[in-house]
Every structure is written in C-alpha cells, then in structure tokens.
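Just need the whole structure built from these sequences, with the hints factored in.
2 protein chains.
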Amino acid sequence: MSLSEEPVRKRQSRRGRSGRKTAADNTPTSSAPYITRNIPYYEVLDEEGLELIENNAETILSEIGVDFREDAEALQIWKDAGADVKGERVRFPRGMCRSIIQASAPREFTQHSRNPARNIRIGGKNTVFAPAYGSPFVYDIDKGRRYATIEDFQNFVKLAYSSPGLHLSGGTICEPVDLPVNKRHFDMLYSHIKYSDKCYMGSVTAPERAEDTVDMSKIMMGENYIDTETGKPKTITTSLINANSPLTFDNTMLGAAKVYARNNQACIITPFILAGAMSPVTVAGTAAQSLAEALAGMAFVQLVNPGAPVIFGSFASSMSMQSGAPTFGTPEPALVLYVMASLARRLGVPFRSGGSLCGSKVVDAQAASESANTLIPTAMAGVNFVLHATGWLEGGLSMGYEKFIIDADQCSMMEVLLKGVDLTENGQALDAIREVGPGNHFLGCSHTQANFKTAFYRSPLADNNSFEQWSSEGSLEQSQRANISWKKILDEYQVPLLDPAIDEALLSYMEKRKASFADSNI
Amino acid sequence: MSLSEEPVRKRQSRRGRSGRKTAADNTPTSSAPYITRNIPYYEVLDEEGLELIENNAETILSEIGVDFREDAEALQIWKDAGADVKGERVRFPRGMCRSIIQASAPREFTQHSRNPARNIRIGGKNTVFAPAYGSPFVYDIDKGRRYATIEDFQNFVKLAYSSPGLHLSGGTICEPVDLPVNKRHFDMLYSHIKYSDKCYMGSVTAPERAEDTVDMSKIMMGENYIDTETGKPKTITTSLINANSPLTFDNTMLGAAKVYARNNQACIITPFILAGAMSPVTVAGTAAQSLAEALAGMAFVQLVNPGAPVIFGSFASSMSMQSGAPTFGTPEPALVLYVMASLARRLGVPFRSGGSLCGSKVVDAQAASESANTLIPTAMAGVNFVLHATGWLEGGLSMGYEKFIIDADQCSMMEVLLKGVDLTENGQALDAIREVGPGNHFLGCSHTQANFKTAFYRSPLADNNSFEQWSSEGSLEQSQRANISWKKILDEYQVPLLDPAIDEALLSYMEKRKASFADSNI
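Chains P and Z supply the protein sequences, listed in that same order. Per the numbering used here, the first sequence starts with residue 1175, numbered consecutively. Per the numbering used here, the second sequence starts with residue 1175, numbered consecutively.
Accuracy of the hints is not assured; some may be wrong.
Note that the list lumps identical chains together, so a pair holds whenever it fits in one copy or between two copies.
What the hints assert, rightly or not - For lysine to aspartate or glutamate, the following EDC-like pairs were computed, each having C-alpha atoms within a straight-line distance of at most 20 Å: (1) 1260 - 1665; (2) 1627 - 1244; (3) 1299 - 1217; (4) 1593 - 1220; (5) 1260 - 1609; (6) 1627 - 1282; (7) 1593 - 1221; (8) 1593 - 1217; (9) 1662 - 1258; (10) 1627 - 1596; (11) 1593 - 1237; (12) 1408 - 1389.
I should point out that these hints are in silico values taken from the structure, not numbers from a laboratory.
Okay, here's the thing in structure tokens:
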C-alpha cells in the first residue's frame, strides 16, 4: 500500500467506539436568529462589467419598457411619476427607477416575530434561510410522492421550527391541496403562527388574501403591532411578488404588492426566470433583464409607499435546450447569482436568491450536488434572504421530508462558513504547536482539550464511521438516516407557547372570514 | 395553487419528447488540455490576516523546527544551507525557506505528455483535475466494495482518458493489491502510458521506484525527453511527497523527492493533515502549521536542485471529536483551503489542494454534498493541481466507479464556472430582449437559435425529466444512471496509439527490472 495520503486511514482504524460517548455533542444548536457574515463577498465581475449590465438594464427600461397588466391604478401611478405610459407598456427615463428606489427604500430592515428573540434582520451583511415554497407535492421515502395536505404543511412548519439552520418558518411551504384554494391561506398562516414563533411570509395569490395576512398579523402582534418610535406598523411578513418574465407584472402580483407596501410589510420583487425561455440564453443578458424587471417592481413599491421595505429578488435557472426542462445546479445560474448579488449591493437594497435547488425526484447524489451548486454560491455571494433553502425537489414541484432536514444541515454548515476564520490567539493556536512539537499528536494537548467541544462542524446526518461499523448498522444511505431523523424530530416537537386569547382571536377571525364567502378552487 | 414560483412548472409540463432528439447534443466535450480561469479568486482573509499566518509559520520554523528523519544527506543539505540542525531537528532562520523558494522555484511549469496536445500548464491561473489516489478498495453498485486489482486500475485509467473533465491520468488511482507491493509501480505506470496519453504521476513509495518512474518516462519520451532549449529534462511526472504532520518528513518521502528533483520532475509537497490530531483544532493554527511544513519541504527540493518544479500542497480534513474519524465537506477545511491558496499565491508557486472528498461509503446525498463542499471552494480558491477530483469514497479508502464519472461531470461544470461571464455583444444579448419584448418567450428568437447549442452546461448524468417520464424509465437514482454510463464508456473505449517500439522497450525494461529482485509485500 502506498504511504502517501495514508494518515486518514491510520487514524480511522484507531478510533474506538467508546470515544463516541464520552465526547461532548456539538451538533448544531445555533440559537442566533440570523447570520451575520464575517467573510468577504465573492464578486465575479469588476466595476466595468457591472456598469455594463446596469447600463443595459437602463436601455431595456427606457427603450423596451415593462408591461403592467390589467391594473389601471398602477399605470396611473407611473404616469404621475413621469414615466412614459402607452397602453399597458411603461417606459422609464434612464435612471428613474434607480433614483426612486435609492430615495426611499431601506438598505436593511427588521422583520418581527411574535417572539422578539426570533426577529430577523434583512439586508447588509445578514443572511436568513427559509424553506422551499409552493410545491403541490410532498415526498418521503416511505410513502413516495403524493399531493400535499395541511398535515404535511404543519409537519414542515414543525421541522423548520426545530431546525437551527432555518430562520423563517416560510410561506407556502407546500400547497395544502386538501383545502379550497381561496381559503387555504388562512390555515397556512395560522399554522405558521400556532406551530412556530419564527417569522413567516404572506399570501400573494389575491389582494384580499394579502389583506387577510395583514389582519391576522395584527391580531398576532396585538398592541405590539405599531412601532412606538415611528408610529408605523412593524414589518411582520415578507411576501413574494414575482415578475412574469420577460418584462411583465400582472394584476394579481401588483394587487398583493400594493396591500403589503401600504401596510409597511416587505415585498420581494423577483424576476423568476427560466433562462432560454423567459430571458436570453446568456448570463449577461439574463442579468440585465432581471435587473430591469427588479428595478421596475421595486420602484413601483416605493411609489406606492415610500420607505416600505423591499427586497431585490432573482431566481434564474437554466433550461435544457434538448427538452425544455428547467435544470438546476449548473454553472450559469451560479454566475447569474453572483452578478445579481453585486448589483443589489450597488443599488443598496437587500437581496433574495439561491437556495438548495435541484431537478432530482429523490434525495440522491444529483439532488445533493445540484443543491450545493446553488447553496454555496448563495452563501459566497452574500444573499440576504434565501428562499427554497430546504426541501426543494423536482424543480420545486415536490417538498421532500428527507431533503428538508439534509438541506437544513447544510444551512447550518453555511453559518459556520460565513463566520470565517478565528484569528484570536486561541484561533492561532501557536502554543498548541509548541506543546505538541514534531511527530506527536494533538488529541490530548491542552488547547484541544479546551476547544474540542466547539471545534469543527458536526453533521448529525453524515456517517463517518468505518465501512464495517456502517455495514453493521444497516448500510443506510443518508436519505434513510434522514428518514429516521425527521420522524424523531416530529416526535419530540413541542408547540411554542401562544397566548390563548390571541389563539382564540385568530380562530374566530378565520371562522368569520371563511364563512363570508363560498369555497372555490380558483 | 400559488401563482408564485410557478413558471418552472408550466414550462416543465409544456415540453415534448420530440425536442429531445432534434436539439443538438451539448454534452461536455472540452478538448482543452487544462483550464485557464477568467474569474477572480476568492480571498477569505485580508492582507493583515495572511501576514499573521505567515508570521506564525516563520515562528514555527525558527522556534520549533521540522524533523527530517533517517536521512543524513538531508540534514547535511540543511547544515550547508545555514539552518540550525540538532539531531534530526532542523530550525530555520526567519524567512530562510521563503527566500530559497522564491530564488529558484518556477511560478508555473509545463508537464509534458507523450501527446503534446495533452501537455498541461501547472500554476498561475490554470487548473488541472486528476483522479483520486491511493485507495486499497474499489466500489461499484453491482459488486460492492472489494480490494482493487490491476484490472480496476486500468479501468480507471480508461475512464479518466475518456473524461473531458479530467486533465491527468493520475497516479496510484487505486492500489492493485493482486500485484506484489514492490513491483506494482511498474504495472501502474505502464497502464498510464499504454491506456492513456494524459499526464501521469510517479511512484513515491521508495527512491528506487522513483528512479523506475523516471527511467520509464525517458523511454516513453525517447529523443523528446530533453528540452532542446534548456538542455534539461522535460517535466514528465508530478509526484506526491507528503509530510508526516506535524512537522516531520521521513526518509521514504525525502528519498523519492530527491530523485524527482534531481531529474527535474515535479514534486507536490503536501502537509496531509487530519486537523485535531495532526494539527490544532483551529483553521488559523492548521494553516500556519501547513505553511511551515510546505515551506520546509519546498525549500528542501530547491536546495537539492534549484529550479526543479515544486507544488505547494495542502490537504486538511477535519476530525470528528466524538469518534476520531476524519470528516469531509465541513466548513472548516474549506476555510483552510481558501487561506492556503492565498498563501501559495503570495509565495509565488503552484498550489495543490481540494478534490471531491467525502466520508460516505456509497454514492448518496452525503457523498455528493461533501464532495461539492470541497470541489466548489477548490475552484473558487484557484487551486492549480486538483488531486482526488474523481472517485473518492470513504475517506479515500475506496475508489468508486459511479462516483468517478459523477465527479468528472462536476469537474466539467467547474470548467464552465471558471470561464466566467461572457460580456461580448452576443453575451449581452440586448438584441434578443429587443426582439422578444414583454410577455413573449425566447425559445424561437434568432439569438437563441444562434446560441442554443452551446448555451448552458448539460450534464449527461442529471435527470431533469418529469416525474412521470423518470418513473416510466425505471425511477433510477443518479448512481444507477452512472452505473450504466461507466460501463458504456469502457465498452466504447479505444486505446490511444502508442509507438510499438516504445511499447516494446517499456515491456522489456519492466521484465528485466522485475526479474532483478524478488517479490515482496513491503
């Protein structure tokens, strides 16, 4: 056997079983409500390259323009602001959208939870992770793929609540298709409030559902809803307003955006792009179009209510030019992500992108590598609000139980990565090297003794045992270990305290509202 | 169903089967012999942080020193150079090793192949990928885990030859345990030369095996062995000289290093560290110790033969403080990697690190995410020579057939990532956005037609089909698709042309040498 690259093997065979029990458990248990990075951003383009993209976005906005569909109020708002409005097409003088945004949009803001210890800070050097959003199906390795129900939804709320890697409870984590479309937002929102105390996202599928979201948030916060300093409502929800790329916003999204903006609730304006179909097949073209769309949407929000929190969103996947299927984890969307993050920083607003995206139907190597190929750029680029951080399978069509907690583990790793290098005297560890000297080992030295409990991220889902031990324990793949793990988490879940009066008020509000109109699946 | 995040689904259901056949196949077929990056390096520490690590390394070298074991010649070389030698311990005046290296070590060099089109450039902005190295076992999903044989070795040479993502054939890809230890290097080397024309690595397990490597390389190159411009031997092999961390080099490695250096063959000097056992449990401590070890080893090579190509290596995995097992894909080794890459650039020598490392026994989600957590930092940090880029399983104990080609696909993706953003007029694609306009799609526009063949990386191993189609095709996980793929590649493999006279000379050399000493398993 070769001597080279061998020490890993030697150490591996030396370890004993007893060590597993005596050492402290440093499983991730971060209680930080959000991450603040200590490492630099990765910038893929230089100043000149970014200016080129910005210039192209202004050309798109001024020459081609953006359609605001079936929303006369929106068109009037743009006319009043000085844009060139012809029919539903709005063209913007160069620099107009940027100026509007920079005049009033906050660089950072706080999203409040019913538990102040869970408040999150969005923007700047901060990062928050939220579960995947919007899938009609769920998947686990016991029952396979099936339509999601409200029980699944609540399970995922509980898993997110129990995951130290996640900072939000999410929004439409999965679609509870056992409930009528026009009423399920009540149950989703109530589930977030009841089964978690992490921040949540609001309904965007109709303006009145956005109003319901605001009303229930008011009930939840009670007298804490209004910020006593500013006299304005606190920001309780962040909601997802997607462009219909290319260069179109529809009245559903605009209607929800107006409700949220007027109530000082946050909107993420996201060009949601399958490049090659909804944007050009190039990175620079997709970036310029995304910037143009986001600028138009964010400026609109600022016109509706100057100062309302708004997040610059970007979601760009590539497309298989063979089949037309969306593809994930390829290099081009990672490049788009890096470019967009830089553009958002230059504009001075929080940025949403990334996640743990994949096209795989199951939690196999494809799912994991595609997810990592998105999640790592997400962390390196400095994304502030990470939607789809956990659970995403099958291009977003399915929410996976095993995928959820495997992804949450990766999110916890990103937290450690973003902490960066400890350069304190203890981090430098020169005394340890002095104490041990050439040819000896560090296992028992005093520095190791003092630091071993917090040294190195320990994944609860990775198996690093010997082949023999792993075999004797059933030769489980990671998805099988994750299956055991999510059941245990749900089993041990304890519902966080909610004031019974608030609970009662929420239920009563829902009952009254649900009774006021007929069920419908539109 | 929510409207948001929905377009992916719409597009997915729209695609037809016919599209799969009419579109061109843009499966990765790079014929570039190596990668030259167009994107910036990621620097995790600033100037001050890097200087701190460099200063600590000099403290280690001057105060603590490095053991050069059982090699009187090495100790004499250090004495002659002005180091403080006491017994086997060598202490180095501050800055001594750095000065020696910077006086003569090349910043970049060319490693030559028997096919000049496969020559690789090591250092600078270039990156090359080589297979994993040194595993006693192999694994595939048909036969499971078993000891490796020379047939496995040759299979992996053929897979590497057939993989556009790989630039070297590798070294001890796996240990052919069916051959005697003291003679198997002949068969490994011959297999690299016979079944591939990509560059290879030499034997380091004994000085005489290094001599055999040099001799066979001379035979292979014939009259092309000597560079007519410099009169010196061309660099044909790169070989792996590992430190016995902490702070120790042994006579086996030193013996091989001397042979290679004197023949102008390249050495990678690698502190091979399981942090927590062989270095302190911190990133900054591990980085300082690694730098000290690499400085001592590289300076030694330059003293043996000034100007001989040398590569700064770093391999640092974390350790489970519970079990003592090596762990992979955790955040701390990624931070070490970023730091070491910056330190190598400041020193001005090529850098080796990274790969597709994992602790998993099989090709599951753990294997893939751990590998990505190493491979992406490898690309972003600017590693020049990437060993263990494909096949690594189980902490390096096992070489996986399916893992190999899944990893090779990821290496091809890294090539696209490193190309960066196309900012030409075609890349900007403004005309496409003008042509299509709001609310339409880009599928048929002239820019898409002109670019679709090369747009977006297409993985041959990712399945992006609908759930229904994927189910109808057998619900295969990626490892199962990879199983089909590597068999097909081996089936279609064609041996590259080798001059029969050279082939004959190599076989004759091996026969004579093998007959000159008895088989042994040491």
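**OP:** Against the structure, test the hints numbered earlier, and report the numbers of the ones violated in rising order.
**Re:** Violated hints (numbers, rising): 1, 2, 6, 9 and 11; every other hint is consistent with the structure.
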